[in-house]
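**Q** Chains as they are written, first to last, in the numbering used here: chain A, 739 to 900; chain B, 24 to 556; chain C, 142 to 343.
Treat the hints as calculated values from the structure; they're not laboratory data. Because the structure is a prediction, the values reported are computed rather than measured. Glycine included, every Cβ here is placed at the ideal spot set by N, Cα and C. Some hints here could point you the wrong way.
Stated by the list, open to error - Listed next, the in silico DSSO-like pairs over lysine-lysine satisfying Cα-Cα at most 27 Å (straight line):
(1) A:Lys863 - C:Lys150
(2) B:Lys455 - A:Lys827
(3) A:Lys827 - A:Lys859
Stated by the list, open to error - Just the calculated beta-carbon pair ranges, DEER-fashion:
(4) B:Ala401 - C:Ala189: 38 to 46 Å
(5) C:Gln266 - A:Glu871: 23 to 31 Å
(6) C:Gln223 - B:Gly119: 31 to 39 Å
(7) C:Thr190 - A:Ser874: 56 to 64 Å
(8) C:Gln223 - A:Gly852: 39 to 47 Å
(9) B:Ser28 - C:Arg301: 38 to 46 Å
(10) B:Arg63 - C:Asp293: 17 to 25 Å
(11) B:Ala89 - C:Asn288: 26 to 34 Å
Take a look at the letters that make up each chain.
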Amino acid sequence: MTKVRDMVIQENDATRIREILQRFLSESAAIEALLIDRSGQLLAMDGVARALDTVSISALAAAAFSSTSAMAQLLGETEFTVLFHEGIKQSIHVSTVDEEAILLAIFDERTTVGMVRLFAKEAGKGVAAVLAETRSRPKRTGEFATPLRPGEVRPSWEPRLP
Amino acid sequence: MVRISFERIAGQLPADAFRLPLDRLGANLLEPGHLLVPRRLLGPQLAEGRARVQWSVVAEQFPRQAVTVSDADIAARLPEGALTLPLDEVIRQLPGDAFALSSPIVDVRGIEDFPPPFQPHVPPPSEERPAAPVAEVARSLTIERFDVTRAPEPELEEPAVSVEPAVEREPVLERAPVIERTPLVERAPSFEHAPVVEREAALEREPAAEPEPEPEPVMSDTIVAAEREVVVENDVEGEPEPERVRFAAATEREAVPVAEQEPEPPRVSAPFIERRRRAEPSRVAALLKPILNALEVQERRVGRLTVLSVASPELAADAVVESAAMLAPLLDDRRLPAPASQATVRGAQGAIVLTPLGVLAESAPLLAVAVAPGAPLAYLERVALRAVEAGALNGRRSSSMNGYGDGGDDLRDTTVPSHVRTLGESFRAFGKVVPTVLQDRSSSLICYMFLAPGLAARPLAHYARALREAMRGSALGPLESFILRMGEDRLVVREVDAGRGAAALLVAGGGPVDRLGLARLELERAVTRLGAR
Amino acid sequence: MSIINHAEKVINFKVVYYGPGVAGKTANLQYVHKSLPHTNKGNMVSLATGDDRTIFFDFLPVSALAVRGFETRFQLYTVPGQVHYDMTRRLVLRGVDAVVFVADSQYERLPENVESLKNLDENLQRYQSSLDEIPYVIQYNKRDLPNIAPIDYLEYLLNRRARRVPFFEAVAVEGKGVFDTLNTVSRMVLAGEFGDGGKGAR
Numbered sequence: 739m740t741k742v743r744d745m746v747i748q749e750n751d752a753t754r755i756r757e758i759l760q761r762f763l764s765e766s767a768a769i770e771a772l773l774i775d776r777s778g779q780l781l782a783m784d785g786v787a788r789a790l791d792t793v794s795i796s797a798l799a800a801a802a803f804s805s806t807s808a809m810a811q812l813l814g815e816t817e818f819t820v821l822f823h824e825g826i827k828q829s830i831h832v833s834t835v836d837e838e839a840i841l842l843a844i845f846d847e848r849t850t851v852g853m854v855r856l857f858a859k860e861a862g863k864g865v866a867a868v869l870a871e872t873r874s875r876p877k878r879t880g881e882f883a884t885p886l887r888p889g890e891v892r893p894s895w896e897p898r899l900p
Numbered sequence: 024m025v026r027i028s029f030e031r032i033a034g035q036l037p038a039d040a041f042r043l044p045l046d047r048l049g050a051n052l053l054e055p056g057h058l059l060v061p062r063r064l065l066g067p068q069l070a071e072g073r074a075r076v077q078w079s080v081v082a083e084q085f086p087r088q089a090v091t092v093s094d095a096d097i098a099a100r101l102p103e104g105a106l107t108l109p110l111d112e113v114i115r116q117l118p119g120d121a122f123a124l125s126s127p128i129v130d131v132r133g134i135e136d137f138p139p140p141f142q143p144h145v146p147p148p149s150e151e152r153p154a155a156p157v158a159e160v161a162r163s164l165t166i167e168r169f170d171v172t173r174a175p176e177p178e179l180e181e182p183a184v185s186v187e188p189a190v191e192r193e194p195v196l197e198r199a200p201v202i203e204r205t206p207l208v209e210r211a212p213s214f215e216h217a218p219v220v221e222r223e224a225a226l227e228r229e230p231a232a233e234p235e236p237e238p239e240p241v242m243s244d245t246i247v248a249a250e251r252e253v254v255v256e257n258d259v260e261g262e263p264e265p266e267r268v269r270f271a272a273a274t275e276r277e278a279v280p281v282a283e284q285e286p287e288p289p290r291v292s293a294p295f296i297e298r299r300r301r302a303e304p305s306r307v308a309a310l311l312k313p314i315l316n317a318l319e320v321q322e323r324r325v326g327r328l329t330v331l332s333v334a335s336p337e338l339a340a341d342a343v344v345e346s347a348a349m350l351a352p353l354l355d356d357r358r359l360p361a362p363a364s365q366a367t368v369r370g371a372q373g374a375i376v377l378t379p380l381g382v383l384a385e386s387a388p389l390l391a392v393a394v395a396p397g398a399p400l401a402y403l404e405r406v407a408l409r410a411v412e413a414g415a416l417n418g419r420r421s422s423s424m425n426g427y428g429d430g431g432d433d434l435r436d437t438t439v440p441s442h443v444r445t446l447g448e449s450f451r452a453f454g455k456v457v458p459t460v461l462q463d464r465s466s467s468l469i470c471y472m473f474l475a476p477g478l479a480a481r482p483l484a485h486y487a488r489a490l491r492e493a494m495r496g497s498a499l500g501p502l503e504s505f506i507l508r509m510g511e512d513r514l515v516v517r518e519v520d521a522g523r524g525a526a527a528l529l530v531a532g533g534g535p536v537d538r539l540g541l542a543r544l545e546l547e548r549a550v551t552r553l554g555a556r
Numbered sequence: 142m143s144i145i146n147h148a149e150k151v152i153n154f155k156v157v158y159y160g161p162g163v164a165g166k167t168a169n170l171q172y173v174h175k176s177l178p179h180t181n182k183g184n185m186v187s188l189a190t191g192d193d194r195t196i197f198f199d200f201l202p203v204s205a206l207a208v209r210g211f212e213t214r215f216q217l218y219t220v221p222g223q224v225h226y227d228m229t230r231r232l233v234l235r236g237v238d239a240v241v242f243v244a245d246s247q248y249e250r251l252p253e254n255v256e257s258l259k260n261l262d263e264n265l266q267r268y269q270s271s272l273d274e275i276p277y278v279i280q281y282n283k284r285d286l287p288n289i290a291p292i293d294y295l296e297y298l299l300n301r302r303a304r305r306v307p308f309f310e311a312v313a314v315e316g317k318g319v320f321d322t323l324n325t326v327s328r329m330v331l332a333g334e335f336g337d338g339g340k341g342a343r
């Protein structure tokens with residue numbers, strides 16, 4: 739396993755990724771797409787599904803994917819590149835983006851797993867290219883490199899309206 | 024030599040290898056009652072958390088005539104040929120500095136720049152806490168920590184720790200009390216201080232309340248100073264923070280499909296905003312004029328919220344603005360599946376239709392139209408929505424809001440009684456709903472929930488309870504009904520009079536409702552049925 | 142690995158609670174979950190057997206401080222402690238930013254503590270990291286039980302690497318020491334990410 743590097747997502751990375759996810763959703767007719775880092779953290783998402791606990795879903799999806807990967811290795815495969823589970827109303831499709839990330843698609847009867855798979859592959863490549871760029875940049879692009887000044891540390895939950 | 028009490032290891036010996044019973048065997052050892060073990064043999068093992076000794080090492084201490092089999096035989100019957108020694112006895116006999124470590128604790132310099140992030144929430148001292156261990160931390164709050172409540176802030180402390188890490192090793196780890204971290208009541212439009220509600224001309228200052236600094240070294244002063252600094256900044260510059268003046272649909276970034284995404288509006292200077300603001304009421308006024316008789320659209324600021332209010336003669340303008348400001352946070356609450364595009368609130372003394380003209384957190388104004396109790400609202404609601412072009416406020420949330428807000432233990436899940444289940448099954452207009460019943464542990468408030476599948480009941484029950492509390496002190500009077508629209512979805516909260524002073528809330532929906540008339544009938548029936556019990 | 146998202150203004154960190162079986166890793170997360178206000182936490186996910194032994198992991202996202210306008214989120218995980226779950230532990234460790242090593246203070250469990258710490262180091266090395274590099278703290282749990290080793294012995298056993306780390310005494314099921322531990326390890330992560338002398342300075 740290679741060293742897992744810190745990741746920095748700039749605004750334009752996020753925009754490009756979102757564009758790719760949106761295109762994926764409109765072409766595949768899936769209802770939600772989550773880009774998830776293999777350590778369980780959510781990197782980006784798009785879609786119309788309501789009220790999802792995406793934080794938990796990301797942790798679980800990454801865990802599920804990595805455990806089947808580990809199983810694959812025990813079987814002599816490099817990795818199972820796709821995970822697909824069918825539910826009554828909704829199904830999920832998880833596919834590799836690159837060594838660090840996976841793409842989770844949630845879809846329902848409006849589309850088929852074949853469609854999702856087809857476009858997920860393409861979306862995966864697109865996202866992988868963006869992620870590769872984020873990694874090739876030097877990590878410190880200025881924001882965090884300087885010593886902290888007073889007032890820069892605050893509670894993260896300030897009430898939205900005073 | 025280390026002396027081990029024989030009785031602590033006797034159980035490991037094969038009893039049939041000796042002629043004497045074990046207790047007498049012990050008395051006949053080289054050193055009666057004890058086994059002697061060379062300390063040097065134990066050293067390396069202690070580093071692994073073990074202390075074992077080979078039988079061969081201690082065999083001679085046993086009275087030879089009492090041993091019936093060969094040493095090799097006995098060794099074969101012990102795991103790895105060894106006796107496991109009680110570590111506590113071994114350790115007790117080592118010199119005090121046997122385990123002294125020479126390297127210091129790793130330098131954690133730099134962490135004092137950060138206050139301890141996480142504080143356990145402790146209920147106010149007046150509440151009773153069971154003596155039992157924390158498995159039952161009864162946070163029996165009736166009032167949630169919520170922006171608009173006026174409950175005094177409980178003091179936060181960390182749970183008492185019986186032993187502290189040795190201070191000399193850890194210069195940075197003080198458990199000094201720290202400033203409040205959770206949403207602060209002081210920041211809400213606090214009506215204990217006079218609400219600073221001013222007319223357009225004067226720009227608002229933040230209410231003077233500040234978090235109370237508690238005695239603590241450097242860090243807290245820094246934070247307090249920083250916060251004070253922020254407030255002062257506003258005063259000095261006399262300018263609101265640069266705001267997005269647009270309040271059109273889909274102001275959440277993620278919500279806008281790429282093709283239609285507007286570029287960020289240019290930051291405008293204060294005078295322009297002011298002028299724009301003044302122009303706004305007349306457009307709304309013009310649209311609403313045909314409906315209301317005495318029409319006066321006023322613009323007021325409460326804290327950072329701008330309220331455009333239309334009051335009827337029956338309801339004082341100030342009361343409308345106050346109620347709107349108090350209810351505003353509930354429109355963008357994280358417990359909701361999506362931010363509200365509109366809310367219609369009926370209290371005993373009046374009703375108000377609240378329509379955000381954009382994203383409230385980004386300083387969009389809030390339109391508040393109030394009417395006397397019983398006045399028709401449907402047309403008002405539609406017109407208000409049209410007036411603000413807010414119809415397409417998207418139901419999606421940014422990812423940072425998902426997954427948070429489960430609300431804690433103070434609402435207890437109870438079994439759903441069969442009449443409630445039947446009631447749930449009878450709903451048609453709301454689509455399929457999942458009946459849940461949650462009971463407040465401390466008050467007798469019961470929340471009957473009939474929510475669209477996939478919605479978490481607990482946060483919404485907390486939300487409904489917070490709403491009820493907020494309404495209790497409002498000019499509109501106690502809550503009667505609350506309808507929240509999130510795009511096509513609707514959430515309804517109704518007060519249920521359960522008789523004998525018991526209080527209950529009905530919370531329904533969360534999903535799309537297409538047959539509004541039927542929905543209303545079903546709700547009326549539900550409120551009656553639930554109240555009759 | 143921390144994930145800094147400029148678009149969302151969030152930084153995510155991953156903290157893993159490691160240690161032998163039934164040492165109290167899950168109890169730590171449960172207490173944190175129970176005690177934090179809902180604005181500071183997400184849902185807790187526990188994948189466990191019927192008798193409450195972690196089978197895969199527990200997961201709890203918490204957040205309380207914003208630094209330079211970025212919300213700092215800590216995703217807390219526990220690993221299953223039993224020896225045969227090593228592969229699972231490895232999976233959960235992926236991308237870890239800091240570790241809390243929860244040790245069972247009882248004499249009879251000491252060898253397992255030692256073994257588990259070694260196992261942690263080995264698994265970290267598979268990700269080209271190690272206990273020498275990653276921020277971690279040690280929690281000596283179950284200090285309320287009768288047959289427990291003294292702290293100096295535990296330190297000798299578990300904290301005598303060249304680089305010694307902060308340690309805490311705890312009774313996790315009662316919450317004692319739980320927040321001290323979490324606050325220190327999270328601040329170590331923050332100090333490493335921001336400010337002077339952190340990773341950023343390199």
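**Q** Could you run down the list of hints and mark each one as holding or not?
**A** Okay, the hints, checked on the actual structure:
For the hint linking A:Lys863 to C:Lys150, the alpha-carbon distance of about 25 Å falls within 27 Å, and the restraint holds. Taking the CA atoms of B:Lys455 and A:Lys827, the gap is near 14 Å; set against the 27 Å cutoff, the hint holds. At most 27 Å may separate the alpha-carbon atoms for a hinted pair to count; A:Lys827 and A:Lys859 meet this at roughly 23 Å. Our hint of 38 to 46 Å for B:Ala401 and C:Ala189 is violated, since their Cβ atoms are close to 51 Å apart.
For C:Gln266 and A:Glu871, the hinted distance range of 23 to 31 Å is satisfied, since their beta carbons lie about 29 Å from each other. Separated by about 36 Å at the C-beta atoms, C:Gln223 and B:Gly119 satisfy the suggested range of 31 to 39 Å. The hinted window of 56 to 64 Å between C:Thr190 and A:Ser874 is violated, with their beta carbons roughly 44 Å apart. Remark: the range hint 39 to 47 Å for C:Gln223 to A:Gly852 is upheld by a beta-carbon distance near 41 Å.
The supplied range of 38 to 46 Å is broken by B:Ser28 and C:Arg301, whose beta-carbon atoms lie about 29 Å from each other. For the pair B:Arg63 and C:Asp293, the supplied restraint of 17 to 25 Å holds, since their beta-carbon distance comes to about 20 Å. Between B:Ala89 and C:Asn288 the Cβ separation comes to about 31 Å, which falls inside the hinted range of 26 to 34 Å.
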